[in-house]
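Just so you know, the sequences run in chain order A and B. Each residue of the first sequence is one higher than the last, beginning at 1 in my numbering. Each residue of the second sequence is one higher than the last, beginning at 1 in my numbering.
No lab work stands behind these hints, which were simulated from the structure alone. Treat the hints loosely; a few may be bogus.
Said to hold, decoys possible - Calculated Cβ distances over 10 Å to all of chain B for the following chain A residues: (1) Pro24; (2) Tyr49; (3) Leu51; (4) Gly138; (5) Tyr165; (6) Ile224; (7) Met248; (8) Leu252; (9) Tyr254; (10) Gly267; (11) Leu268; (12) Ile274; (13) Arg276; (14) Gly281; (15) Leu290; (16) Leu293.
To be verified - What follows is a list of derived Cβ distance ranges for each label pair: (17) Ser140/A - Cys68/B: 36 to 42 Å; (18) Thr175/B - Val117/A: 31 to 37 Å; (19) Glu65/B - Asn59/A: 35 to 41 Å.
To be verified - Listed below are the simulated DSSO-like cross-link pairs for lysine-lysine, each with C-alpha atoms no more than 27 Å apart in a straight line: (20) Lys182/B - Lys57/B; (21) Lys210/A - Lys221/A; (22) Lys197/B - Lys177/A; (23) Lys164/A - Lys182/B; (24) Lys240/B - Lys229/B; (25) Lys489/B - Lys240/B; (26) Lys257/B - Lys150/A; (27) Lys182/B - Lys229/B; (28) Lys298/B - Lys164/A; (29) Lys197/B - Lys298/B; (30) Lys164/A - Lys489/B; (31) Lys157/B - Lys57/B.
Note that beta-carbon positions come from the ideal geometry of N, C-alpha and C, so glycine has one too.
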Amino acid sequence: MQSEKKNLGRRIRRHLPLYFMMLPGLAYIIINNYMPLAGLQLAFKKFKYSLGIWGSPWNGVKNFTYLFKTGDAWIIIRNTLGYNLIFILLGTLLAIVVAILLNEVQRKRLQQTYQTVILIPYLISYVIVSYIVYALLGESNGMINNSIMKALGHNPVPWYTDPKYWPYIMTIVQLWKSFGYSSIIYFATILGIDKAYYEAAVVDGAGAWKQITGITLPMLKPVIITLTLLSIGRIFYSDFGLFYQVPMNTGLLYNATNTIDTYVYRGLLETNDIGRASAAGFIQSVLGFLLVLGTNAVVRSVEKEQALF
Amino acid sequence: MKRTLAVLLTLAMLFSCLSFASAEGTTETIQVAYMLTMNAAEQRQMVQDAVNQLLAKKGLGVQVEFVCIDFASWATQINLMLTDGSVDLFNACFMPTISVLADNGSIAPMDDLFNQYGQGILQTLGDYIDCAKVGGVLYGAPKMNAFSSALMFVMNKDICDEVGIDPTTITDFDTLTAALQKVHAAKPDLTMIANGKLGAYMDTINADSLGTQYPLGCLLLGEDGTSLKVQNYYASDTFKNLLGYVKQWAGNGFFMKDPMNAQDGSMAYISNGQAFGGFVSYSDEATAVSVQQKAIGKDIYAAQITAAPWATTNNINGMTWCVPSLSTHKEAAVKFLNELFTDPELSNLVCNGIEGVHYVVTDQGNITYPEGLDAASTGWPSGMGTFWPNICITYPWSPDPADIYQNWLASNDTCSKSPALGFTFDSSDVADEVSSCATVVDKYVPALLLNIGDTDALYQSFLNELEASGINDIITAKQAQLDTWAASK
Chain A
1 MQSEKKNLGR
11 RIRRHLPLYF
21 MMLPGLAYII
31 INNYMPLAGL
41 QLAFKKFKYS
51 LGIWGSPWNG
61 VKNFTYLFKT
71 GDAWIIIRNT
81 LGYNLIFILL
91 GTLLAIVVAI
101 LLNEVQRKRL
111 QQTYQTVILI
121 PYLISYVIVS
131 YIVYALLGES
141 NGMINNSIMK
151 ALGHNPVPWY
161 TDPKYWPYIM
171 TIVQLWKSFG
181 YSSIIYFATI
191 LGIDKAYYEA
201 AVVDGAGAWK
211 QITGITLPML
221 KPVIITLTLL
231 SIGRIFYSDF
241 GLFYQVPMNT
251 GLLYNATNTI
261 DTYVYRGLLE
271 TNDIGRASAA
281 GFIQSVLGFL
291 LVLGTNAVVR
301 SVEKEQALF
Chain B
1 MKRTLAVLLT
11 LAMLFSCLSF
21 ASAEGTTETI
31 QVAYMLTMNA
41 AEQRQMVQDA
51 VNQLLAKKGL
61 GVQVEFVCID
71 FASWATQINL
81 MLTDGSVDLF
91 NACFMPTISV
101 LADNGSIAPM
111 DDLFNQYGQG
121 ILQTLGDYID
131 CAKVGGVLYG
141 APKMNAFSSA
151 LMFVMNKDIC
161 DEVGIDPTTI
171 TDFDTLTAAL
181 QKVHAAKPDL
191 TMIANGKLGA
201 YMDTINADSL
211 GTQYPLGCLL
221 LGEDGTSLKV
231 QNYYASDTFK
241 NLLGYVKQWA
251 GNGFFMKDPM
261 NAQDGSMAYI
271 SNGQAFGGFV
281 SYSDEATAVS
291 VQQKAIGKDI
301 YAAQITAAPW
311 ATTNNINGMT
321 WCVPSLSTHK
331 EAAVKFLNEL
341 FTDPELSNLV
351 CNGIEGVHYV
361 VTDQGNITYP
371 EGLDAASTGW
381 PSGMGTFWPN
391 ICITYPWSPD
401 PADIYQNWLA
411 SNDTCSKSPA
421 LGFTFDSSDV
431 ADEVSSCATV
441 VDKYVPALLL
451 NIGDTDALYQ
461 SFLNELEASG
471 INDIITAKQA
481 QLDTWAASK
């Protein structure tokens, strides 16, 4: 016991520089992520500026009712979850495919070029993306209507007034914008796989496909699980830029583009109600947290060592 | 011994500091929020010094510091400052309504302070001060203005003259439509009716929205102007008739291409020559021309479309000067506000800048830029007078006539007043319904007013969704509060 304690003390002393290096990060997480947890109480309070966070009176779940009052509650939740599920599924698939393809590129120069090029959309602000989309889809000047539809002898399509096209448009835009970034993460993992596995596989006569299914994918599994769990934690959130900017906040498209975030933004724009805004945040973060716990429990029961915790 | 001496000395110093502070305490410095738009107010320090010199001469014990905030971040910044009291006086424009601000405790009640230090405010505003009351308690001072408004159509003067349109013949939607047809025939490529962002191009007409942004339960002022019956604007004949005209306008091709994707205010399209005209709301045609001509930069005509300009609470309290409840200088803030309302010298300073530096007085009794300066290069914004509490006691800018503000004040006495003038709605009981109905309005109204899609079907589902979102609860709540208010008058 005594020696163990001494051991610990010595260990701490030896790693002191490392602990020291951890301090800024720790401080950041405490200030930025843990201290605001106290603000969760705002979701259950009628916030009064004159009384402050701690002094404001409680008002039960009254802040939450507006989320469900609207006839659109179902549409909003469906959109938020539905889009996120599609994004997670297709996004992961696309990212892995691109990462593997990237890995198969033999020439170093080209590989680096592709790597940079696929990252570019990720770096473009959604405000600019919304104009790129508008340049393609606009009714009077848009490229698709004027250069493609006309040439094919079709009538111009009123993209911005008919919600039925938007599930596809949103998905394409989101995938186009985000696949580069996630591909890089998978690509980095693939680069880290020991080349000896592949050499052994080649010796055993495995083709490219066999190598992918037998080595690359299993090695990628921990990263896939981690990234998917992280995205599931944010499944009740939606990218505000994507859902607000890209459809240009057009009313007729709400059925296909309204998510929890945009609904809350529009609903509270007029009233600036801090309690209600916190209530929406509360639901998003708490449900997301529970979902992560649940998914992790499922992963743990299937394959213990792959679980996050 | 030495130690005792040291302690004594320290105490003595402390006391002298304290007494010094209390002597100095007669002068308080207050933070006043000022909005920056196109002009960055580079000489703000010069104007602030001049204001403080003037205040020192008056011996009020108040000094000011301008906190300049960009228009784009105005609401967010002010909202933040309300949480810690770092501003002492602000104009609650582009913010939630004052009933919301009063309800969430961010602005302080003003009854006692105005009685003590704000007699000038009360006298200047007269009965119109009631529009800043929430539940019988006064929460601020609406800025002086021509308070009433009617729907106007402003149009490019050169085109009117070329095609032969006499703006005085345009008095309603029928005569407007006829005139637009004539212009459209001569200029088929020109947009007749410009719209702004999200397809918006027209305010609510002839209705008192009773304290909500959209007329979710309103008084229809066109009918007889005295009824206190709260109704659904979107189900009213006013709105249905409007939709009829919209169909005609769309059929004739009067609207912009891709109207929903407009990225500018509607007037910008008249300015850049893409559109012939657009709708605005002002108290009278002359004011519409004077204000919009400056913004558009082209000669324009204005024609009043609805019969009478109406004064409603919404029109008046949208720009109310308030004191945050966390401010520690409330008295000083009200003293300064009182001076802004009553002292022409001070009001001229904040509205127009320093004479000889930012403006010169002309022979006609109005003011213009000094030699070599213009709206962009002058160091104190010339177009922001309407932001301050009382532009009506300042010099108007050329080409406005010297007596333009007298006309404004006269219009306040003669305009039609909504029977609910002075009533503010406390929406906290139906806040869920209000935000949910507002979403429905955002969803349908722009499309309906531009005739996009199958408007008959859209209109039906619009009305249905409004009902499902609880518009009738809002109407009932408004009616109940309005009746109580009317009974107490």
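Original post:
Minimum Cβ separation between Leu51/A and chain B greater than 10 Å?
Top reply: Its Cβ does come within 10 Å of chain B, the nearest being 6 Å, so this is violated.
Original post:
Since Arg276/A was said not to touch the interface, does its Cβ keep a gap of more than 10 Å from each Cβ of chain B?
Top reply: violated, 8 Å
**OP:** Would you check whether the claim that Gly138/A is not at the interface survives, using Cβ distances to chain B and the 10 Å cut-off?
**Re:** violated, 6 Å
Subject >> Non-interface label on Tyr165/A, tested against every C-beta of chain B at 10 Å >> reply: Given that every Cβ of chain B is farther than 10 Å from that of Tyr165/A, nearest at about 14 Å, it holds.
**OP:** Take a quick look at Leu290/A and tell me if its Cβ sits farther than 10 Å from every Cβ on chain B, holds or violated.
**Re:** holds, 25 Å
Subject >> Met248/A remote from chain B - nearest C-beta pair above 10 Å >> reply: Violated: least Cβ distance 6 Å, not greater than 10 Å.
Original post:
Is it true that the CA of Lys197/B sits at most 27 Å from the CA of Lys298/B?
Top reply: holds, 21 Å
Original post:
For Gly281/A, is the shortest beta carbon distance to chain B beyond 10 Å?
Top reply: holds, 16 Å
**OP:** Would you check whether the claim that Tyr49/A is not at the interface survives, using Cβ distances to chain B and the 10 Å cut-off?
**Re:** violated, 4 Å
Original post:
Has the given pair, Lys240/B with Lys229/B, been kept, meaning a C-alpha gap of at most 27 Å?
Top reply: holds, 19 Å
Original post:
Would Ile224/A pass as off the interface with chain B, using Cβ distances and a cut of 10 Å?
Top reply: Fine: 38 Å to the nearest Cβ keeps Ile224/A off the interface.
Original post:
Has the hinted range 31 to 37 Å been met by the Cβ atoms of Thr175/B and Val117/A?
Top reply: Violated - the Cβ-Cβ distance for Thr175/B and Val117/A, about 59 Å, lies outside 31 to 37 Å.
The structure fails hints 2, 3, 4, 7, 8, 9, 10, 11, 12, 13, 18, 20, 23, 25, 27, 28, 30, 31 (numbered hints given earlier, in ascending order).
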